[in-house]
Amino acid sequence: MSKFSLWSIIQNGLSRQRGWQRQWRDPNPREKYDVVIVGAGLHGLATAYYLATNHYVRNVAVLEKGWLGGGNAGRNTTIIRSNYMMPGNRQFYEHSLKLWEGLSHELNYNVMFSQRHHVTLLHSPAARDSAARRYNTMKLTDSDAELWELPTLKKEIPHLNYDNARFPIIGAAVQRRAGNARHDAVAWGYARAADTYGVDIIQNCEVTGVVRENGKLTGLKTTRGKIGAGKVGFAVAGNSSRLWQMAELGNLPIETHLLQAFVSEPIKPLLDHVVVFGVGGAHFYISQSDKGGMVFGGDLDWYKSYAQRGNLPTVQDVCECATSILPCLGRVRLLRHWSGLMDMSMDGSPFICKTPIENLYLNAGWNYGGFKASPASGWYFADLIANDRPHETIDHFTLNRFRKGVIIDERGAGPDPKLHG
Amino acid sequence: MLRINCPFCGLRDYSEFTYGGDASVVYPDLDAGEDEWHDAVFLRENIRGLQRETWHHVQGCRMWLIVERDTLTHEIVGVEAAHPEWAKVIQSQASEKKDQ
Numbered sequence: 001m002s003k004f005s006l007w008s009i010i011q012n013g014l015s016r017q018r019g020w021q022r023q024w025r026d027p028n029p030r031e032k033y034d035v036v037i038v039g040a041g042l043h044g045l046a047t048a049y050y051l052a053t054n055h056y057v058r059n060v061a062v063l064e065k066g067w068l069g070g071g072n073a074g075r076n077t078t079i080i081r082s083n084y085m086m087p088g089n090r091q092f093y094e095h096s097l098k099l100w101e102g103l104s105h106e107l108n109y110n111v112m113f114s115q116r117h118h119v120t121l122l123h124s125p126a127a128r129d130s131a132a133r134r135y136n137t138m139k140l141t142d143s144d145a146e147l148w149e150l151p152t153l154k155k156e157i158p159h160l161n162y163d164n165a166r167f168p169i170i171g172a173a174v175q176r177r178a179g180n181a182r183h184d185a186v187a188w189g190y191a192r193a194a195d196t197y198g199v200d201i202i203q204n205c206e207v208t209g210v211v212r213e214n215g216k217l218t219g220l221k222t223t224r225g226k227i228g229a230g231k232v233g234f235a236v237a238g239n240s241s242r243l244w245q246m247a248e249l250g251n252l253p254i255e256t257h258l259l260q261a262f263v264s265e266p267i268k269p270l271l272d273h274v275v276v277f278g279v280g281g282a283h284f285y286i287s288q289s290d291k292g293g294m295v296f297g298g299d300l301d302w303y304k305s306y307a308q309r310g311n312l313p314t315v316q317d318v319c320e321c322a323t324s325i326l327p328c329l330g331r332v333r334l335l336r337h338w339s340g341l342m343d344m345s346m347d348g349s350p351f352i353c354k355t356p357i358e359n360l361y362l363n364a365g366w367n368y369g370g371f372k373a374s375p376a377s378g379w380y381f382a383d384l385i386a387n388d389r390p391h392e393t394i395d396h397f398t399l400n401r402f403r404k405g406v407i408i409d410e411r412g413a414g415p416d417p418k419l420h421g
Numbered sequence: 001m002l003r004i005n006c007p008f009c010g011l012r013d014y015s016e017f018t019y020g021g022d023a024s025v026v027y028p029d030l031d032a033g034e035d036e037w038h039d040a041v042f043l044r045e046n047i048r049g050l051q052r053e054t055w056h057h058v059q060g061c062r063m064w065l066i067v068e069r070d071t072l073t074h075e076i077v078g079v080e081a082a083h084p085e086w087a088k089v090i091q092s093q094a095s096e097k098k099d100q
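Chains as they are written, first to last, in my numbering: chain Y, 1 to 421; chain U, 1 to 100.
These aren't lab readings, by the way, just hints derived from the structure by calculation.
Keep in mind that a hint or two might mislead.
Claimed, not checked - One-sided and incomplete, this derived list gives chain U residues near chain Y with beta-carbon spacing under 8 angstroms:
(1) M1
(2) L2
(3) L11
(4) S15
(5) Y19
(6) H38
(7) V41
(8) F42
(9) L43
(10) R44
(11) E45
(12) N46
(13) R48
(14) T71
(15) T73
(16) H74
Unchecked claim - Incomplete in silico selection of chain U near chain Y, CB under 10 angstroms:
(17) T18
(18) W55
(19) W64
(20) D70
(21) L72
Virtual Cβ for every residue (Gly too), placed ideally from N, Cα, C.
Okay, chain U solo, but in the shape it has when bound (with noise of 0.2 angstroms):
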């Protein structure tokens, strides 16, 4: 069993989890040309070996994840929140919570 240990919830199996893609994808911007935006939406790196890639954590927090993983052994090296500014929002209103 995958698991992977979200910042927020804790060790959780990857079942509560939706895989994304690619966390190396980056979209271009609007205006960009044709060949950038085919690239982007169309063609990945395909690794095989350590990966970032996004996983959404929807049967839990339903925040976005961003997992390094071996995509030949499944071993997971590290996780972290793919938006830390949220993620500092969060963390601050949940330590007050606590305070109160």
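Chain Y extracted, bound-state conformation (with noise of 0.2 angstroms):
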């Protein structure tokens, strides 16, 4: 694979872009690996490419039902920060932020990471007051974290609703190194950097099955035949249950629930932030993408489905946050919409862990926040498949926390999936 830098664009831009080649292979699966992921979404290709560079592992094959970074990858929000406070939580998402910001470099592939804060409005003194423990815990672990006052929060982005009699606005909650990325460069970087170090994508190839013997999986059934593996692992939130169900496993502490998102109309340059507002049942993020587009979303459905279409009362809802707080929306046009399937789980929190089948391994539960934790879901869990036991900041992603009472309910909200937004 040719390497893109500066001398690269000048030699093609000489030679009528003749020199560009695919980015990655399409081959046929072999007959066996040494690890099998299953799903080629940001978390499996990003754990591909983690064993290949950090463990050496590369005899690896990530398998895809659909086309890569065709489910969730391509149905969010796509924004990146590490606001979380909970012992597990914190490490985790710091870690992940650090790997974004080396990301386009490492990957050798501009995902177009931008750092460019990300706020939280605050409404009561009750809100600013949680927001300080959770901001300046940020602070005593190795992250940024600020409280924005009225006058610097207006400086910095005049044009919030801030005549809001009912939801006055009294202040931010920012971290400036969040910000979003280009979620379909992301899978294209990792899934080419992959590639590079000879892993095998194999699209339009369903697992249908497993192959059990004496107590350990051999290989997987696909629509493509079957395929041998060493290791094997789940990496396909929205569908982790029906994996897992496959394997004989039983249930997940997981519903699948679906989110929708929403693009407008490009137009000039609005706003340079990422900014969130949720107060008395609202819940709204919206930033604006660099083709102009307003970027936003809001809550679930409030309904189990696995159907990737969302429908019109949460339309509705979220495009009034949208006029509530930046009333100069009121115009602009929606030119699409979308949903992603979640594995919403019990407490909010994600799964990385070992299964009681010796060399299958699983990742899933990522809730609304599966976007921003790739790079460090894929690090931790090819750190997990290589070594076969958890790195201690993982130690809790596991399936038996709820058994032992060391839930990471980041949101306190109680054993039910669809609270966890």
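Both chains come to you apart, so use the hints to assemble them.
Written as structure tokens, this is what we have:
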């Protein structure tokens, strides 16, 4: 694979752009691999990449039932932040943010990571106290965090609705290093980089069953034939329960819910930050893409669903949030909306863990937060698969944490998956 | 739009209701073991296809319903009252009122 560089751009510029090659191969599955990852989303691709680079495990296949990055990788609002507070989550998401900061260089692929600040609006003294606790925790654990008073916020984002009598804005909690990235580029960047190390990315290859011998998984049955495997990793958020049941392992502490997101027609530069608005039951986040579209989203549709399409009341709710916080969007038209399948777990936190089958590993339960987590998710999952033991950071990202009473409930919402937004 | 045919109120938009969860979950006896409680509280079959689930008509009659719905297509196959005994009482009271 040729490396992207200033020199390659000049060279191709002079040769009518004829020198570019395809970015990854389209191989047929081999008979057996050391490691087979199911799911070529961001987490699966990142896992393959870190297996190849950090652990020198390169006889790896990533199986994908559709096309790579065609699930939740392409169905989110691309927000990246590490403002988590609970032990475990704090270290995990901070590690992820640090990986994001070097990702374009590491992959030699521009993922367009933009640290444009993540600004959470605050509407009451109680909200400010709660934010102070969370953001102080972040400062004390090697991250960056700030509380902005109203004059600073007004200077930074002058066109928010500051005249709302019911929910007046009194300030904001800010993480400057947070921001967003281009979702497709992340999938393509990881795929291209993993492929360079010999990882086979096999698309249009749906897993239909598992092959078990003497308590171990020896391979997977797929629509492209049987593929043998030394170790297997599941990274199929949205369909984790189905694959888990295919392996005859019973039920997971997960429900699949749908989350919609939206993009408007492109407009001139309007919003420099990621802005989050959540008060009185509303939940809303918005940023502007480099193309100019306003990218935003809100809550789940509130009922369990495997349909990758949402319902209209949520469209109305989210658009009402948009116009209440940014009234200037009132006449901007919606261009598209889409929905992804969320693995909503029982405490809002994920699983990267070993399973009852000794050579099977699970990566699931990402709730709303899978996009920002993908580099660290791949990093720790690769570490788990290669070394067959969890890193201390993900000690509690296990399935038995509910039994042990060490739930990681960031929101304090209790065991109801739909409430962990 | 999902529309639910409430046996008490008629066909209504789903936004009048709140989704409860999988209706097949049965909570064990209070003195049952930890394993049984763990499974009932935390584990879900997470069905892709026809599922019996609870909905609360919170902005209507406030009755709990059991809806049979396809979680892949959103098609609703059947709706019934979650507590049929209460339903009988309500319906008999309603018919008494009509007679008066």
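Here is how each hint holds up against the structure:
1. A least Cβ separation of about 6 angstroms between M1 of chain U and chain Y falls short of the 8 angstroms threshold, and the interface hint therefore holds.
2. Because the smallest distance between the Cβ of L2 of chain U and any Cβ of chain Y comes to about 6 angstroms, under 8 angstroms, the interface hint for this residue holds.
3. The restraint placing L11 of chain U at the interface with chain Y is violated, with a minimum CB-CB distance near 16 angstroms, outside the 8 angstroms limit.
4. Checking S15 of chain U against chain Y: minimum C-beta separation of about 4 angstroms stays under 8 angstroms; hint holds.
5. Here the hint on Y19 of chain U is kept, as its CB sits about 4 angstroms from the closest CB of chain Y, short of 8 angstroms.
6. A distance limit of 8 angstroms between C-beta atoms decides the matter here; for H38 of chain U the minimum to chain Y is near 5 angstroms, and the interface restraint holds.
7. Interface hint status for V41 of chain U: upheld, as the beta-carbon distance to the closest one in chain Y is roughly 5 angstroms, under 8 angstroms.
8. Nearest Cβ of chain Y to the Cβ of F42 of chain U: about 4 angstroms, under the 8 angstroms cut. The hint holds.
9. Taking 8 angstroms as the C-beta contact cut-off toward chain Y, the hint placing L43 of chain U at the interface holds, the least distance being around 4 angstroms.
10. Satisfaction of the interface hint for R44 of chain U is found here, the shortest Cβ-Cβ separation to chain Y being roughly 5 angstroms, below the 8 angstroms cut-off.
11. At about 5 angstroms, the closest approach between the beta carbon of E45 of chain U and any beta carbon in chain Y falls short of 8 angstroms, and the interface hint on this residue holds.
12. A hinted interface residue such as N46 of chain U counts as satisfied when its beta carbon comes closer than 8 angstroms to some beta carbon of chain Y; here the least separation is about 4 angstroms, so the hint holds.
13. With its C-beta approaching chain Y no nearer than about 5 angstroms, R48 of chain U sits inside the 8 angstroms limit, and its interface hint holds.
14. Hint on T71 of chain U holds. Least Cβ distance to chain Y is approximately 5 angstroms, under the 8 angstroms limit.
15. Evaluation of the T73 of chain U hint against chain Y yields a held restraint, the C-beta minimum of about 7 angstroms falling below 8 angstroms.
16. The beta carbon of H74 of chain U is positioned within 8 angstroms of a beta carbon in chain Y (closest approach about 6 angstroms), and the interface hint is therefore held.
17. A distance limit of 10 angstroms between C-beta atoms decides the matter here; for T18 of chain U the minimum to chain Y is near 7 angstroms, and the interface restraint holds.
18. The interface hint given for W55 of chain U is met, as the beta carbon of that residue sits about 8 angstroms from the closest beta carbon of chain Y, less than 10 angstroms.
19. Below 10 angstroms, beta-carbon pairs count as interface contacts, and W64 of chain U has none with chain Y, the closest being about 15 angstroms; its hint is therefore violated.
20. Proximity of D70 of chain U to chain Y holds as hinted, the smallest CB-CB distance being about 9 angstroms (cut-off 10 angstroms).
21. At its closest, the beta carbon of L72 of chain U sits 5 angstroms from a beta carbon of chain Y; the interface hint therefore holds under the 10 angstroms criterion.
The earlier numbered hints that this structure contradicts are 3 and 19.
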